[in-house]
Structure formats: C-alpha cells, structure tokens
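**Student:** The primary structure of each chain is shown beneath.
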Amino acid sequence: MKDHQCKNNSKPVNRVADDNLRVIQSILHETSDLKSRRITYQESAGMIIYLESIADTEKIQQSVIEPLNRAMDKAQPVEQVITNTELSLIEELHKGVGKLLNGSCLLTLDGMSSMYAVNVTNQLTRTPEEPSNEKVVRGSHEGFVDSLTQNLGLIRKRLENENLVIKQYVMGQTSNTKLAVVYMDDLVNKEVLAEIFRRIEGISVDMAFSPGYLEEFLENKTLSPFPQMLPTERPDRTMAHLLDGRVAVLSEGSATALILPVTFLSFFQSPDDFNSRVLSGSFFRMLRMVSFLVAMTLPAVYIAIIGFHFEILPNELILPVKASLEGIPFPPIIEAFVMVFTIELIREAGVRLPTPIGQTIGIVGGLVIGDAVVSAGFISNVMVIVIAVTAVASYTVPTYEMGSSIRILTFPLMIAASLLGFLGIVMGLIVILLHLCKLESLGTPYFSPFAPLNVSGLKDAVIRFPLWKMNSRAMDALPQNRRQHNSKGWKRK
Amino acid sequence: MKLKKEDTITSFQFIFLIIQAQVGVGILSMPFSIYTEAGHDGWISVLIGGCVVQVLLILFWILMKRFPSMTLYEILDTTTGIFIGSIIKGLYFIYFVLVGSSILSLFAEMINIWILPLTPRWLLIVLMAGIGIYAVRGPVKFLARFYVFVSFMLIIFVLLVIYSFFEVDYLNILPIGQKGIMPIINGTEKALFSMLGFEMYFIVAPYVNSTSIKKLKSASISNAVVTIFYSFLTLICILFFGLNEFKLVPEPLLYMIKSFSFKVLERIDLLFLSLWIVSVATSYMAYLFAASRGLMSYSKKNKEHTPFVLYAAIPSVLISLIPEGVYKIGEFTTFVTYLSYIFVFGLPVMLLLLSLLTHRKEKQQS
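So the protein lines, in turn, are chains A and B. Sequence positions in the first sequence follow the UniProt record's numbering and run 1 to 493. Sequence positions in the second sequence follow the UniProt record's numbering and run 1 to 366.
Keep in mind that the hints are not guaranteed to be accurate.
To be verified - No more than 30 Å apart at the CA atoms, straight line, and that leaves these computed lysine-lysine pairs for DSBU-like:
| id | chain 1 | residue 1 | chain 2 | residue 2 |
| --- | --- | --- | --- | --- |
| 1 | A | 11 | A | 178 |
| 2 | A | 221 | A | 190 |
| 3 | A | 459 | B | 258 |
| 4 | A | 322 | B | 303 |
| 5 | B | 303 | A | 459 |
| 6 | B | 258 | A | 322 |
| 7 | B | 301 | A | 221 |
| 8 | A | 190 | A | 59 |
| 9 | A | 488 | A | 469 |
| 10 | B | 303 | A | 221 |
| 11 | A | 74 | A | 59 |
| 12 | A | 190 | B | 303 |
| 13 | A | 157 | A | 459 |
Unchecked claim - Here are some chain B residues the structure puts well away from chain A; computed CB gaps all over 10 Å:
| id | residue |
| --- | --- |
| 14 | 51 |
| 15 | 213 |
| 16 | 273 |
| 17 | 352 |
Stated by the list, open to error - Only some residues are given here: those of chain B computed to face chain A with a beta carbon under 10 Å:
| id | residue |
| --- | --- |
| 18 | 123 |
| 19 | 124 |
| 20 | 156 |
| 21 | 263 |
If you are wondering where the hints come from, they were derived from the structure by calculation, not from laboratory data. The beta-carbon is built from N, C-alpha and C at its ideal position, and this holds for glycine as well.
My request is simple: use the sequences and hints to build the entire structure.
**Tutor:** Structure below.
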C-alpha cells in the first residue's frame, strides 16, 4: 500500500483478535460498513472482519465460514481448510487494512501473530454492451464495462497469446485506483514502453478516476487541439491496436481504454472499415477525410469568397449567392459565428438531456431557429447551408475527441479568412500542418504515415488496401517486428 | 526500430528540403525575367543553369566530404581560423537574412498586387515571419517532415499548368537559337537566381543521416527535378504567349492560369497563388533556419538553433519593410541576387581551394 499509510499504522498484528478489530476500527475511523463476525476454530476464538460494501457475504460464507466449521475437529492448518483461491498471510495491520479496502476479508485468531486475508470481492459488473459513441454496423457489439478485471478478460479472450502482458499499478494518492498497462511483449517498442512506465510512475495525483483523466498527465502538449491518445470503449479496437505494437491503459471503474502512442489517422479508422468490403471501406474512409477538411475549412472558405474573392465564383453561381446576401445586416464573419454558436448550443444542450427532451431540443433548435432566422432576414440562406454541412461533417469523424478538436479549429480559420481571405486560410492551414508535423505522441511521429512519409503505411491511410496486401505493420508505433502475416496462402501454387 | 532522439533527417527528406528551398517566391516571374534576356530560347537557359548548379553541387560535395559532420559555419572556423572565420560567418548570416527579407518583401508585394491591394505590407510580412519562426523552432526533422508533405502541392502546380497544353502554339519556340549563344548565357544568369536555395546543402547536409555520396545523389535529384520543372514552366509560357504578348506579362504563370476558367471555379489563379504562398513560406523557413544556425555557431554552449530563430527573424522583417514599391523592391532583390555570386559561387570555391591546399580535414573520430 501507499507510503503515507505505512507511516501512521505500521503496527504488527496483535495476538488477541478483539484488539485487532479495535485497531482496524480506529484506522478506518469507525466506518459503518466495517462488519465482523465471531468464530471459533479449534478452541481458539477468532474474528472475521470485512467491509460490507465491497465484500461478497455469500463468498465469505462459502469459502471461509463453512470450510472452517466442517474442519472444526480435524487438526488441519487454516491454509488447507479455506477453499478460496486467493489467501495470503499478513503480518502487519496496515497491510491488512489495505487488503480490506481491496475487498478481502480478514481472518484473525487468538494466539496467532498474523492474520489471513481472503479475497471475497463483490464483483459489481454489468454486461458488456455496445458503446453508444462507437457504434459499428457489423462486427463485435461488445464494449468495455466498468470493472477492470472484466475488461482485461475481454481483451484476453480476444488475444490468446502468451505475449500479452498486463502490468498493474496503483494510481492516485487518495483514491488508490488500480491501473493496468496492457501490451504485446514481442511487438511493443521497449523504449516507448519504458517511457510510458516512467511517466506513469512519475505522476502524482490524488484521484485518477479514468484513463481520460490521466491523459493530460501523460501527453507532451496539453494545449494542442489534437488528442494525442486514443480513448476507446471497444475491445476489438483495443486488440487491433495492441497488435500494432501499441499500449493500452485501463483503469478500475472506467469503461475506457487509452491507447498510446497513436497517430492522427487512428482517429479516422473504424472497425467498420475492415468489416466491410475493400471498396466501400476505402470510400467511407475517404469520405471521413474529406469531411475533416470540409468541417475545418468550409465556413472559412465561404467567408473568404463572400468577403474577398467573389470573382472566383462562376457567373451562374454569383446570382443566387448574391441574392441570398441581399439585406443581411451582418458581415459574414458575424453570421457564421452566430450560426456556429447556435449549433454548438444545440449540441451541448442535447448531450446532457435525456433522449426524449434531447430530440425536442434538436427540433426546436434545428428546424425552428434555422427556418426563422432566415425568414427574419438575419442570416443568409447559403450561410445556414454552409454551417449545417460543416456541423454534419464534423460528426462523421468516428471518435468524439477528434470531432470536437476539428470544431475548435474552425474558429481561428474563420477569423483568418475574414481578415485576409484565402491568404489567411492558407496561412492558418500551414500553421496547423506545421503543428501536426511537430506533434509527437510519446516520441513517435503523430502525423505518420504522411509526415514522415512512409509509403507502406499509406496502404492503411486515406484508403484501405485489401488485408492480404498489408504485410507490414503500421510503423508509427515503431514496433519490434515489422512483418505482419497476412497472405492469401491458397493463391500461391 | 529505435526511437530517434538525435536530430537527423533521411536522404529522402533531404531531396524535398532542397526542392522546397529552391522553389519559392521567384517562380511567378522567373519565366518573364529569363525571357527578357534569352527570348524564346529561355528554356535552354534553364537547362544550362541546371548544369551549372550541378557542377557547383559537386564542388560543394567535395568540400563537405572533407568535413562530414560540419556545416558551412564550422568549416569556416576550421579552415580560415576563428577570427576570419567569425567575420565570414557574420557575412553569411547577413546574406541569409537579406535573402529572407527579399523573399518577404517580394511576397508582400505580390500579394498586394494580386489578392489584397489594401492590406498593409507590414502585416503580411509579420504574419509570414511568424509562421517561419514557428516552423523553424525545434528540430530540423520536423521541418523536413513538413517539406515532404507540402511537396504534394507541386504536383497540383504542374497539373494546373499542364492544362494550358490545350491552348498552346508549338511554333512559338521556333527557330531555336535564333539570337545566338550570348542571350542564352545571359538568361542562364537569371535562371540561376531562381534556382538559389541549393546552398542549403552547406547547412543541412550534416543533419542528413546518410553516406556522403547519397547526399550528393539527393541534392542532384532535387536539382534535376527543379531544373526540369523550371524549364517546363518557361517552355510552356513561351508556347502559350508567343513573342509579342510575353513582353506585357511580368507574372506569366498567373496570367496564363487566369485565362482558364472551369465550370466550378472561375479564377484558378487564386488557387494557384494559395499554393504559391506555401512555397514562399518553405523557402523563407529554409533561409531563416540557415541564418539562425549561423548565430548558433557563435555560441559555445548552445547545441540547438531554436533560441536564435527570433534574432534572425527580426532583422529580416525590419529590412524587408524598407523597400517600398515595385521598383525599389526590384532593386533590392537584384542587389541580393548579385550578392549570391560571392556567397554561393565565390566563397565556397575559395574555401574548397583553401582546404585542399592546407590539407585541413575534419578529425575522424574512431
């Protein structure tokens, strides 16, 4: 357990069971869920101590009390009597308290200078459901749950391999949250792994309630608009990333696995790409890339055209655009800001509300405001179209984090476009691109395989090659073993 | 595979670094300035210019082979001694800053003429310099990654220009060599000025993690690409405009592209200019890097150029604000290009001779 507890409570176990209970009670500040039950085993009085809230009383009864009663007359040591799989002998009280908080029950007997800790954790589980923010059309519909052991089980079930390693950490000075680092030992880059361990060990926080909370402590550039680690609730996605030589971090009480190091492209991949046929998979992926560009630049381009470069439109287009602008009191940048702001309002309101009300908000916000604002003559028709397309495009990105960072990036581009037209957009894009080239996720290039250019990596970038063509792993995580076994064995003679 | 901690780039990235340093602000007016000297044989001048650059690159390579892990600045220190070395280093720093500021002022002028006539020049210059500062701070490998990525745009460049093949008149290049040899040689001079940027070989070559001969190969490939690209552009402009019209168009590429119109986009020259801005930015970044790397060589403690970028960028911005109007900027640019005779052609050759005569070499670590 943690150091600060050792300092206060490093007392040896008492020979009298009642004294032990009293000390433990005082350590836990007389908490109400601390329960005890007196027992007698082979003429010595004893006590079973447990925390009612996390211990499973059924398990205590089955694996501790019943075997003890049955073996009352035989002269057997306790180790042989108790049928539970996890049993440990404890010499010091503070360790016992640590076990207690983990969900074990303590068995203390008069005349013994140590106690037994038996694992009787109450597994509070829910059934694996499909994560609502990472739905797929075909393929696995399982998602992570809130229990760490069950999540690790979900990964193990998919990767029956002796190289899958799980390293546990305890995180959070106060919360003592369990954290698991999962990787494939024969694939992961040892230097990256060592760096991850170094960073995890260096973090000191009071509370670590989810991997997403840790993300800020682990990443290099917190102020970057781009997420540098991929949170996912899908075990199949986690598995695929582990097989690319990446590392997953899971924590107790959270249904999210954090995958690192990742690239920019990982946020645009979906298991659906690989479940569907090559052509449609590639098409949808290209659609997402295009929608990324559209979501980021479309309002800016429109503002630039309206404000500076009307002449770029062909004659046939000028008339309808000009007609819709007639009588609009605001400059295009204000129009755009009002509309983007409204859409963000609707989104933020809809996210937190229960589904039926959320739909109402969508209808009121989308239809009523959109329609009324145009007929009132505040906002031009074309602007409503532009902003609506932008909003829809920003939601096609399969990960929520990337979608929100795109939406944040539209604002500086819109301002730049309103000041300098196309020049502003190009300058803004240069800065964003430079930032992407400079960004590293744990020392590995973030914008790979585009920069640094990696031709074999491009097979799984904008389009997806057939699986049997992808014979090398993604290079960005610098895996130990480049070759990947994908072949149509039957096609060779 | 190893995590790359040290700041090196690959020879593949080196190709694009030099291409992007060479292709820059001058590309819009290059065909015109060559045409004024060489007439409709300008494309031959460009090819000859490419050969001259190749010879120079080989000379550079011989020099750099003797000092594999040194940039120009460290070579100066070793061959000419600390005192003279630091004076010449200072001159080189000034030269790179001057080239940087000529890029900035040409850029601002072109934007004022073509896109934003009312935007103040200083704003454009400061913004571009800001981008340059952001780019150059940090390891060279990040810069190289960016250069490789934006090189995709050169392909779009070429595609836009190729479209004009539908409207050219092939008879315009005939008769070849009508005016004789001298105009072609004069045109070569102009072509060489547009190809400047290959002197980055001196600064960047030590960062390339590769053998010396491979570095030469990379530089030669980039020279070949740029030469072919430039002569292609010149040729197409000659074919498109013909003798009489060419005299009226100082930015022939833009005028040519402006004349096309597609169903969706009416003015493609705006798109073309947007791509051109990226090329301008990359060559400015290259010179900014060269200048700040020069400042770094004065400092004994610092092993990174990042803290010096600002000191290189500020003078380039200030100098670029001085010349106003097309003619002043033209004079300034011509002055800077003539300086390159000394710094790109003269001094390196002298250095090579000096190091050959004195048998100075970098001490091999073994």
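**Student:** Confirm or reject each hint.
**Tutor:** These are the hints, each one checked on the structure:
{"no.": "1", "hint": "A:11 x A:178", "verdict": "holds, 25 Å"}
{"no.": "2", "hint": "A:221 x A:190", "verdict": "holds, 22 Å"}
{"no.": "3", "hint": "A:459 x B:258", "verdict": "violated, 37 Å"}
{"no.": "4", "hint": "A:322 x B:303", "verdict": "violated, 57 Å"}
{"no.": "5", "hint": "B:303 x A:459", "verdict": "violated, 38 Å"}
{"no.": "6", "hint": "B:258 x A:322", "verdict": "holds, 23 Å"}
{"no.": "7", "hint": "B:301 x A:221", "verdict": "holds, 27 Å"}
{"no.": "8", "hint": "A:190 x A:59", "verdict": "violated, 41 Å"}
{"no.": "9", "hint": "A:488 x A:469", "verdict": "holds, 9 Å"}
{"no.": "10", "hint": "B:303 x A:221", "verdict": "holds, 23 Å"}
{"no.": "11", "hint": "A:74 x A:59", "verdict": "holds, 23 Å"}
{"no.": "12", "hint": "A:190 x B:303", "verdict": "holds, 28 Å"}
{"no.": "13", "hint": "A:157 x A:459", "verdict": "holds, 29 Å"}
{"no.": "14", "hint": "51", "verdict": "holds, 29 Å"}
{"no.": "15", "hint": "213", "verdict": "holds, 22 Å"}
{"no.": "16", "hint": "273", "verdict": "violated, 8 Å"}
{"no.": "17", "hint": "352", "verdict": "holds, 33 Å"}
{"no.": "18", "hint": "123", "verdict": "holds, 8 Å"}
{"no.": "19", "hint": "124", "verdict": "holds, 8 Å"}
{"no.": "20", "hint": "156", "verdict": "violated, 13 Å"}
{"no.": "21", "hint": "263", "verdict": "holds, 6 Å"}
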